[in-house]
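Produce the complete structure using the sequences and hints provided.
The chain contents come next:
There are 2 protein chains.
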Amino acid sequence: MKEQALITPRTLSGFKDRLPQEAMAKSRLLRTVSEVFEGFGFVPIETPHLEYAEILVKQGSDEIQKELYRFFDHGGRDVALRFDQTVPLARFISQHRNALGLPFKRYAIGNVFRGERAQRGRYREFTQCDFDFIGSESIGSDAEIIQVIYASLKALGIERFTISMNNRKILNGICDYFGVKEQTSDVLRIIDKLDKIGEESVIKELVEELGLSQESARGILGFTSLKQERSSEEFFAKVASYEGLSDSLREGMGEMRALYAILDTLEMDRACYKINFSIARGLGYYTGIVYETTLDALPSIGSVCSGGRYDNLTQSFSKERMSGVGASIGVDRLLAALEELGLLEGRGTSAQVLVACMEESQLAYSYKVAERLRTLGIKSEVYPEAVKPKRSLAYANSKGHPYVAVIGEDELKQGVVTLKDMQWGDQKPCISIEAAAEILLG
Amino acid sequence: MKEQALITPRTLSGFKDRLPQEAMAKSRLLRTVSEVFEGFGFVPIETPHLEYAEILVKQGSDEIQKELYRFFDHGGRDVALRFDQTVPLARFISQHRNALGLPFKRYAIGNVFRGERAQRGRYREFTQCDFDFIGSESIGSDAEIIQVIYASLKALGIERFTISMNNRKILNGICDYFGVKEQTSDVLRIIDKLDKIGEESVIKELVEELGLSQESARGILGFTSLKQERSSEEFFAKVASYEGLSDSLREGMGEMRALYAILDTLEMDRACYKINFSIARGLGYYTGIVYETTLDALPSIGSVCSGGRYDNLTQSFSKERMSGVGASIGVDRLLAALEELGLLEGRGTSAQVLVACMEESQLAYSYKVAERLRTLGIKSEVYPEAVKPKRSLAYANSKGHPYVAVIGEDELKQGVVTLKDMQWGDQKPCISIEAAAEILLG
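Those protein sequence lines, which keep their order, are chains P and D.
Counting with this note's numbering, you get residues 1 to 442 for the letters of the first sequence.
Counting with this note's numbering, you get residues 1 to 442 for the letters of the second sequence.
Source of the hints: derived by calculation from the structure; they are not laboratory data.
All clues given are correct.
No copy is singled out in the list; a pair is fine if it fits within one copy or between any two copies.
Calculated lysine-lysine pairs in the PhoX-like style (CA-CA distance at most 25 Å, straight line): (1) Lys368 - Lys388; (2) Lys368 - Lys274; (3) Lys368 - Lys428; (4) Lys274 - Lys193; (5) Lys274 - Lys227; (6) Lys368 - Lys154.
Rendered as structure tokens:
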């Protein structure tokens, strides 16, 4: 047979493999938040990774269009890989509206593709975890999204975090008041950079790029620096005088009070959600309440869960106005945070115990022991060959099994195991499988 | 604003959306089998959907190459969407060999893409669920894959199924004996069609396409018609005389006996696994034990889980020989089977109860009730607006909530709920949340 040249095994730039430790952590995270979503009545849906390009392009920004993985398929169709799950959701809702029934609450966990310039920590394929509540304008659905964020982070073991909330109507209202209504989206885009570039640079951009007066720029910035420090009652009292400045401000503030009327009824820790007038969210489609979530121990990593209300999800596909509210969990960012907070298990195996034998004649018994342990609820792996304990212990050590059940001649004869604790090194010789199980369930 | 033309919402031909009911069933299936895999020490990994085309193409068959979604990316790279998870696994193992350590047991659940001619029940994007045991030639790892299949189907509630096993070495041996060694792979490809086209057509193809004599064709077919009907002991005795026919036959039969020496030690129901000499598996890379799994109640849907041992997984990437054994669960086929067997829950919601109020002033209390029910372990959804019971009951009815907790003036005042059983229609007026929880927990 002709020898073929070997191919260098490698991934594309901007794409990555996940090794077991990371893949397990991710799958646990997604399992945990899915349970939370389902606890609130959100249901999963799936849409294809590949769509007609015109479906995706219409609603995407120019930047997105440049980053789109777009090509012609076998049938000459102009197709593209999805760049988010929101545009496919709009297509999905429009297409299956009658089968679904409104209101409709869905979550979706899936990969999206953006041909961005490759840079550290940014990938061209990454996982999005979205949950949205479609077809209800009730402030209750905004409150519920906040609840879901709260419950998700708590379920992941994160104790201290802040959901910072604002309302686009409030920001629109203050722009109205300062007479820059037409430039609102540009103003918000610049204000959104506050954390990154600082106050003076933001004022400079507002004045030089958008032509605002120094007074307007400082006035708007002064307003967006307002945030709730203590109770909501105190904050609402403090900002009450602004309400009269414009209709939009009044409406936005009214919504925030209605939101609090629900949130403050609940058992949620009030310290975890606060109003912050600087939260703008870059995306153009938000029209109501918006929010970001930062971890108190790691504010520098930015928001791990952001979202808001939008009024016109399906405008490309249908004349019917469809309002919704939703948020997206930053899976990779949250994983990095959990690792930094020491909340990730660092093992390279799912198994609690490795069962290992020394002679071929004991192999079948090893499988029997593992089968019995599994029946007793213990994840159990068998070392597939008869080897010296040195080798199986090294394997367990490298993969992170907390225990090894060693099988030798005596263990087979007596129908028992010798259980070695890999952390402390001590071992219980020749104990029954049930006794081993009790220690393993520990 | 200029009115934009509406786009017809649609998916590409051969691609599909999954609505909540189906997506929930799929996610439950995958959660169940993942738990089983992890119980045996298999760990998840992830590889990108997009790879360098040369990585995928080298190992793929001609047919696969034609079906590949292949294009040039922004950087002019020749890239393609993966068509299976086995080639990416080979690339992954070669690339991360040192970090992983052998033996290595991984599972992978992901979507793959094949531009096949669109036909009923066949999709161009579909989900594969693979589990493989790399770097061990021990028959124990073959036995474990059989155990995992068994445990997965049992965990899904399927009671009666048959894992039909064979060994490529046995099939190679019989081809050797009949002097058609060079044509073994073509012979096996044709024999693999036995179920579809019948015995006479297979003989015709063997004779006419491959030029076998009638005697050889009938001899091979006679051999492949042998299968275990009762105990393995009886079967091994029956076929003992064939062992001397060739070295390969002897080796293959020896492996089957060693496999049974492990399997028969275990608690698995012996009726669920049987030797069947007609099992060939189409794929060229199998070299040892192979298997297929059919459901006794639905034999016509074909195999729901197939696999086998391969000797040269990483040959494109490395000179090191790497043996492995693995199988793949046919997710869509199994979902269809579970539905036909009545083993799928048919609801369109994850929630056990819908909490619904009649007046705006009761909305906050609804959220409080649902929060409390969740704390007690009950998945609870709130109807997001104050509506007449007629409307909320219709919503619960269409989505499949088993219960509705109705909130009115009295319920709010007394801090209770009225619980309506959607199946039987009866209701418990004004009971405490704890009493409602007890009913909901059944």
